[in-house]
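Participant: If you read the protein sequences in the order shown, they are chains L and Z. Using the numbering used here, the first residue of the first sequence is number 1, and each one after it goes up by one. Using the numbering used here, the first residue of the second sequence is number 1001, and each one after it goes up by one.
Everything labelled a hint here was simulated from the structure, so no lab data went into it. As the structure is a prediction and not an experimental result, all values here were calculated from the model. Among these hints, one or two may not hold up.
Unchecked claim - Selected chain Z positions facing chain L (Cβ under 8 Å, derived; list incomplete):
| # | residue |
| --- | --- |
| 1 | F1013 |
| 2 | V1019 |
| 3 | V1024 |
| 4 | A1033 |
| 5 | D1066 |
| 6 | N1069 |
| 7 | S1117 |
The beta-carbon is built from N, C-alpha and C at its ideal position, and this holds for glycine as well.
Residues per chain are reported as follows:
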Amino acid sequence: MKNAGIALAFVLAILAVVYVGVELLNLDFFFGGVLPYIAIAVFIVGFIYRIYKWAQSPVPFRIPTTAGQQKSLDFIKQNKIENPSSKGGVFVRMALEVLCFRSLFRNSKAEVTDEGNITYQWEKWLWLFALCFHWGFFLTVFRHLRFFTDPVPFPVTLWEKIDGVFWVDLQALYLTGFLLLLGITGLFIRRIYLDKVRYISLVNDFFPLFLIMGIAITGLTMRYLTHADVTAIKEVAMGLSHFDFGQIMAAVTANDISVMFWFHLSLVCTLLIYFPASKLMHAGGVFMSPTRNMANNNRMVRHINPWNPEVEVHSYQEYEHEFHQKMKAVGLPLDWDYDEEGNQIPKK
Amino acid sequence: MKKTNIFIGIVIFAVLVTVPFWSVVFSPASGAAPEVSLDTPVINQLSGDDYKCVEDVEWMRAHHMDLLNDWKTEVVREGNRVYVAEDGTEYLASLQNTCFECHSNYEDFCLKCHTYSEVNPTCWECHVEPTVVGGAN
Chain L
1 MKNAGIALAF
11 VLAILAVVYV
21 GVELLNLDFF
31 FGGVLPYIAI
41 AVFIVGFIYR
51 IYKWAQSPVP
61 FRIPTTAGQQ
71 KSLDFIKQNK
81 IENPSSKGGV
91 FVRMALEVLC
101 FRSLFRNSKA
111 EVTDEGNITY
121 QWEKWLWLFA
131 LCFHWGFFLT
141 VFRHLRFFTD
151 PVPFPVTLWE
161 KIDGVFWVDL
171 QALYLTGFLL
181 LLGITGLFIR
191 RIYLDKVRYI
201 SLVNDFFPLF
211 LIMGIAITGL
221 TMRYLTHADV
231 TAIKEVAMGL
241 SHFDFGQIMA
251 AVTANDISVM
261 FWFHLSLVCT
271 LLIYFPASKL
281 MHAGGVFMSP
291 TRNMANNNRM
301 VRHINPWNPE
311 VEVHSYQEYE
321 HEFHQKMKAV
331 GLPLDWDYDE
341 EGNQIPKK
Chain Z
1001 MKKTNIFIGI
1011 VIFAVLVTVP
1021 FWSVVFSPAS
1031 GAAPEVSLDT
1041 PVINQLSGDD
1051 YKCVEDVEWM
1061 RAHHMDLLND
1071 WKTEVVREGN
1081 RVYVAEDGTE
1091 YLASLQNTCF
1101 ECHSNYEDFC
1111 LKCHTYSEVN
1121 PTCWECHVEP
1131 TVVGGAN
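In isolation and in its complexed conformation, chain L is listed as follows:
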């Protein structure tokens, strides 16, 4: 719990810095026109750098973890997705992993009963909350494109209509925003509720949870409770899109944008800066998992370790060639025939 406290303190400290910066020092332009660029640059460069570093790692062997019948004799049915032997199978397996978190769905809980028997139980909470959180986050970010495009493209407006199908007090209630908060809260509760998970949790496990919780809470507060000057905010966002610093400056000086917006934006910037240096890089890493992205074709294709040293071998063919006369003399069977000069020729 100490780790959770430290992580929460970090997030609160960021909020305090933003509050002082915007409300007391009037550094609106820094938080609206400078920090976002730093954040997006660190995010893109850092992300690509991490992938580049990982790409240097040698992956010599086929090591897919499989969970089904591998390709075998014709009359044995292969599980083409759980034990893929082709690129297509790997693609489907990878898609299920990335879009549906298939491996989390397999999660089970092992416990020893009072009688000393081991039992395995259905445990789908991690999968469920992770799915809620990731899809909620993605679709919420997608809706935010309305701030960065003018005119707003059709897919975004269409999604707004679908997402906001429920109305409360004559206002659309965007479900994905709440799904995001529900998911992240569930993941947090799971982390502190399960003894073993809590025991292995570090500050850097809690920090992203609080950070994203903060982003969701400030966003939902602005959307449903306190409201902010959306036109001025879009002016800032479009200024960022166009690299138009004059427009950002004008937008932040002419309007008194709610501090809740600066909390929200600064936490998002923190997330982007923190992303490449953290466990959140699993977003890129999942595609590079050797246990997921390889076809199990070890029995069909010979994979040679690229850095194997040259080994001098003396094959049976060469051995027989060398000793065929002696072998023939003592009556040993030979695999090849030999002509008069002693050249090896295939058996007729």
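Go by the hints and put chain Z onto chain L.
Facilitator: Frame of chain L; chain Z shown alone:
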């Protein structure tokens, strides 16, 4: 993993996260906030202390929907048509009779920001939507 596949992945990533930057190239709009027009017959006649909105303009920009929501609740549920503003002025709580009296230019006032920010208010679920083509009513 094949180097070419990783390269393709990095390109897809870079394209996706930079959507806000490259998509504006294909848009004719400058992205600047729209100028809402206050040029209506009624507003033009206001002067001095009368030249004001129901509440503070800065507040109205961010919170007019709160005001309208409160009016809706007060009028529809409580039957109370009188709204007392911060400065003590009494107003008739009515979108069509109070707001639209001054802001009779729906197209050049409401719609400007709502279109820019892709906001879809639900006013016209109950009220009659002002005609857009050929000016406001």
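Participant: All hints are to be evaluated individually against the structure, with a verdict given for each.
Facilitator: Hints, verified against the model:
The criterion of a C-beta within 8 Å of any C-beta in chain L is met by F1013 (chain Z), whose closest approach is roughly 7 Å, and the hint holds. Given hint, V1019 (chain Z) at the interface with chain L, holds; its Cβ is 7 Å from that chain's nearest Cβ, closer than 8 Å. Here the hint on V1024 (chain Z) is kept, as its CB sits about 5 Å from the closest CB of chain L, short of 8 Å. Taking 8 Å as the C-beta cut-off, the interface hint given for A1033 (chain Z) holds, the closest approach to chain L being about 4 Å.
Taking 8 Å as the C-beta contact cut-off toward chain L, the hint placing D1066 (chain Z) at the interface holds, the least distance being around 6 Å. For N1069 (chain Z), the interface hint holds, the least distance from its beta-carbon to any beta-carbon of chain L being 7 Å, beneath 8 Å. Taken as an interface hint, S1117 (chain Z) checks out: its beta carbon lies about 5 Å from the nearest beta carbon of chain L, inside 8 Å.
Of the numbered hints listed earlier, not one is contradicted by the structure.
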